[in-house]
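Engineer: Residue numbers (numbering that gives the first Met the number 0), protein chains in the order written: chain A, 0 to 449; chain B, 0 to 448.
Everything labelled a hint here was simulated from the structure, so no lab data went into it.
There's no promise every hint is true.
The list that follows gives simulated cross-link-like pairs (lysine-lysine, BS3-like), each with its CA atoms no further than 27 Å apart [to be verified]:
#, chain 1, residue 1, chain 2, residue 2
1, B, K414, A, K233
2, B, K78, A, K395
3, B, K78, A, K211
4, B, K406, A, K233
5, B, K238, A, K233
6, B, K406, B, K434
7, B, K238, B, K200
8, A, K233, B, K78
9, B, K414, A, K39
10, B, K238, A, K39
11, B, K78, A, K225
12, B, K406, A, K39
Please read all numbers here as calculations on a predicted model, not as lab measurements.
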Amino acid sequence: MRKIFAIAGLAIRSAIRSLVVVVLLALLLIAIIALPLTIKGDGTLTGAVQVLLRYTLGAVNIILSIATLWAGCAAIATEVQEHQVHLLVTKPVTRAQLWLGKWLGLLALNTVLLASAGGVTYGLLHWHLNRQPLSADNRTTLREELLVARRVVNAEQIPVEADAQRIFAEQRRTGVLTKDARPDQVLAAIRQTLLQQAHSLPPNLMLRHVFKVPTATTRPLVLRYKFTSSQTDKNPVACVWLAGAPERPDRFQRPELAAPAGIHTLQVPALLVAADGTLTVDIANVNPEPVTMVFAPADGVQLLVYESSFAANFFRCLLIMLGELAFLGALSVTLGSLFSLPVAALTTAYAVMLMNIGSYLQILTQETFIIGSAAKSNTFDLLIHFLYVGLYWLTKPFQTASPLEPLAVGELVSWSWVAGVWGWQVLVIGGILTAVGTWIFNRRELGLPT
Amino acid sequence: MKHGATIGLVLMAGICFWQAGRLQRPLVQMRRELRLTTGEPLENTPPLVAFTTVAMGGFRGVIADLLWLRASGLQEDGKYFELVQLADWITKLEPRMKQVWAFHAWNMAYNVSVLFNNPTDRWRWIHQGITLLRDEGLRYNPGEPNLYWQLGWIYQHKISGNSDQMNIYYKRWWADEMATLFDGPRPDYQHLTGSQIQRMKDVYKLDSFLMEQIDREYGPLDWRLPQAHAIYWAWRGKKFATSFDALQLERMIFQSMADAAMEGELFINRSEQVFIPGPNLAVFEKARKAYEKAIAENPGETSIQSGHRNFLRTAVMMLFTHHRLAEARDVFADLRRRYPTPEFEQGVEPFVYSSLTTLLRNISQREATGIVLGALQQSWFWLAMGDEDRAQGFQQLARTVWREYMKTRNAPDIKERAGLAPIEQLSEQARSMVKESLTTSEAKAKLAQ
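Extracted from the complex, chain A is given alone in its bound form (with noise of 0.2 Å):
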């Protein structure tokens, strides 16, 4: 183990003597300080913060990630081009060591510059919010929805399988489907259209959701909602909220005159939930005016839950900054194990960036043309087809969303979260990495004359 510390103090030495490495820690520096003082927010307290948050945050992510790709390449392939490599290998010290104390290195000074950032960022954090005189409204607004940790609740799904069913063997014994229609696709259709019935709700009606809270707590419980009209205008919707079990006689209430398409949120006290942790919501449509409103199926009404302080939150949002920074330095010192520097860098960022644009991908795997047209595809559409379906599930297993987005706005980042970045990321592709990359470079003739 001693062999492999000196390996990554050595690895340390050489970023820090790194130019590039150098000049982008500046720029982490300048990112954290000049970034809160420059950034415009939405003109509201809650605003600024999340904007802090997020933008810094973000921006130390995108340097640490550079340096680190740019490190990470450099800690072997300079070293063999350099000829340098030659004086560690006649000692005894194995390849495996060798790559191993490279990403140990890298590592560390991760979790120190990350460390570092992320306390200046908390830090600053507080001394926007003490430097300012607060409201009592914005200090409870901010204590209850932003600088805190709420797990995010789905309602419970209706259940539509068994009606698709039927309706799909009704429509297949009348004949009306199509003679080229794929079953799968009808299925889902009618499903979807079900789901999407299940969740309108018409004028003078109410629509129920079901809510399992997972943990007990004495904090109010925020609904979210967000909701389409079926008027063509904007103008606000007239419903009521109702939560708790339907036969309490203290059942929760409140009117709300709610605007379609926007994002809505409420207070239900906590001891409405039932002693087997469920929370019962109805909504009643009650507008002047005939509407129909048209929740979302998968997320269209969420319950918020208290799960834990903002500062716990933080620091797992760090810890999936620092193990995706880690599985990028293992893949950097891979690359950089088996090609020269430019190549390796290059290679890295191109990785890099097909992992971030999964979504993309995503859509484009459901695009059948991109040159023909969706009546007459051609060869070159099927070949483009199948490279984008091949990229998109070759990167899917390192694809992960970003922790900040859920950090700045108060929802949780949980520590399964931060299990599954290790344990996936690190342990099992990094550990693949490590593996592949030093067999490659045991196999690596070091001696061949340039």
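Given the coordinates of chain A, assemble chain B onto it according to the supplied hints.
Structural biologist: Below, chain B alone, put in the same frame as chain A:
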């Protein structure tokens, strides 16, 4: 000799730079004269804008696209906190592209604002849209008439119109802001203080000299109301406009003038929480002239003529109910001469009464306010004059119009958006207006009872 070639190249580069610097000024001048660009070259811009527009070259389009995708995604998810920053970056990446400024300002003022239930939140986003165009868009594109139109449109349609349920809040807040700035309905041009002029210029980009000119040509306008600002920005854009842009701005001016005539005077009583925009008959003649000028300049535009016809129709009603009978007859004669149809063949009085009964079903909030207020003023006026029967008749007319209008607008959301102020409140306003115009203490005393 070893470094001779290098020194030669450096010298040559230096000469090229010097010559390029010498040519820069005449080139800019030629560009200005030939109107190759309507705006001034980007000078004294913040370093970030200068950097992005020059150093990034063609790549800035790609970055703008990515930021735009992010902005759309966030808006869809209801995460609006980044939108101002993203709009700022996108517009700075393409500072000369008018559509980019127009889209983002419109998006914030129209699309984002209506997603909120609270009027304060809505107003904040409308304000963001205004400041983006006024403070930034026009700074980088001072010669782009469409941006003046876009800015004027926010005043004319979003704030002055009643399509947004919360328009009355916007009007009130804007009026408060302007009243604080001018210390009254309009600036006292002769006695403006240095700090007032500076604040008008720095914060609101209002030029007091231009405002005075506009007031001379179209006013006196009540600058607490949004129509005056729509006229101001349209007026400023007109000198850069040709063809369709010019027509659009001209249209904004006469439409806003018509709006000013219908509800361009503000009655505020803070202690009573009263805020009622009412007719400003002092600008009626100028509004009429603005229409006539637009018709003369655009003879083929039938839409202007139909707008003019509607304006004259409403004006007849308004003048008649405000007991300006001679003017009402004059306008009616003009209406009959220009647009001869059977409905105008009758006299002015039968026209007014038959129109009233059919109009009441479809009239707008501002027309209804004007008619009710006018009839109430008549009522108080005749009461002060001692003609109680006539006063009673006008009182009756006002109440009939109020009742008929509100009959179909009783639902809470419609009432808030398009309803009228309570009749007692309007009546009190009319009484105070009439009382102010009276000169004898005897007549005033009658109204005090």
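Engineer: Does the alpha-carbon distance linking K233 (chain A) and K78 (chain B) stay inside the 27 Å limit?
Structural biologist: Roughly 18 Å between the alpha carbons, so the hint for K233 (chain A) and K78 (chain B) holds.
Engineer: Please verify whether K406 (chain B) and K233 (chain A) have alpha carbons no more than 27 Å apart.
Structural biologist: Measuring from Cα to Cα gives roughly 24 Å; hence the hint holds.
Engineer: Does the alpha-carbon distance linking K414 (chain B) and K233 (chain A) stay inside the 27 Å limit?
Structural biologist: holds (16 Å)
Engineer: Given the hinted pair K238 (chain B) and K39 (chain A), is their Cα-Cα distance within 27 Å?
Structural biologist: Distance ~33 Å between K238 (chain B) and K39 (chain A) Cα, so the pair is violated.
Engineer: Holds or violated: K238 (chain B) with K233 (chain A), Cα cutoff 27 Å?
Structural biologist: violated (36 Å)
Engineer: Is the hinted pair K78 (chain B) and K211 (chain A) satisfied, with a Cα-Cα distance of at most 27 Å?
Structural biologist: holds (26 Å)
Engineer: Next pair to validate is K414 (chain B) with K39 (chain A); report whether the Cα-Cα distance is within 27 Å.
Structural biologist: Violated. K414 (chain B) to K39 (chain A) sits at ~37 Å, over the 27 Å cutoff.
Engineer: Taken at face value, is the distance from the CA of K434 (chain B) to the CA of K406 (chain B) at most 27 Å?
Structural biologist: violated (31 Å)
Engineer: Does K78 (chain B) pair with K225 (chain A) here, judged by a C-alpha cut-off of 27 Å?
Structural biologist: Distance ~12 Å between K78 (chain B) and K225 (chain A) Cα, so the pair holds.
Engineer: Between the alpha carbons of K406 (chain B) and K39 (chain A), is the straight-line distance 27 Å or under?
Structural biologist: It is violated: about 47 Å lies between the C-alpha atoms, which goes past 27 Å.
Engineer: Would the pair K78 (chain B) and K395 (chain A) pass a check requiring their Cα atoms to be no farther apart than 27 Å?
Structural biologist: holds (26 Å)
Engineer: Given the hinted pair K238 (chain B) and K200 (chain B), is their Cα-Cα distance within 27 Å?
Structural biologist: holds (19 Å)
Violation of the numbered hints given earlier is confined to hints 5, 6, 9, 10, 12; the remaining hints are satisfied by the structure.
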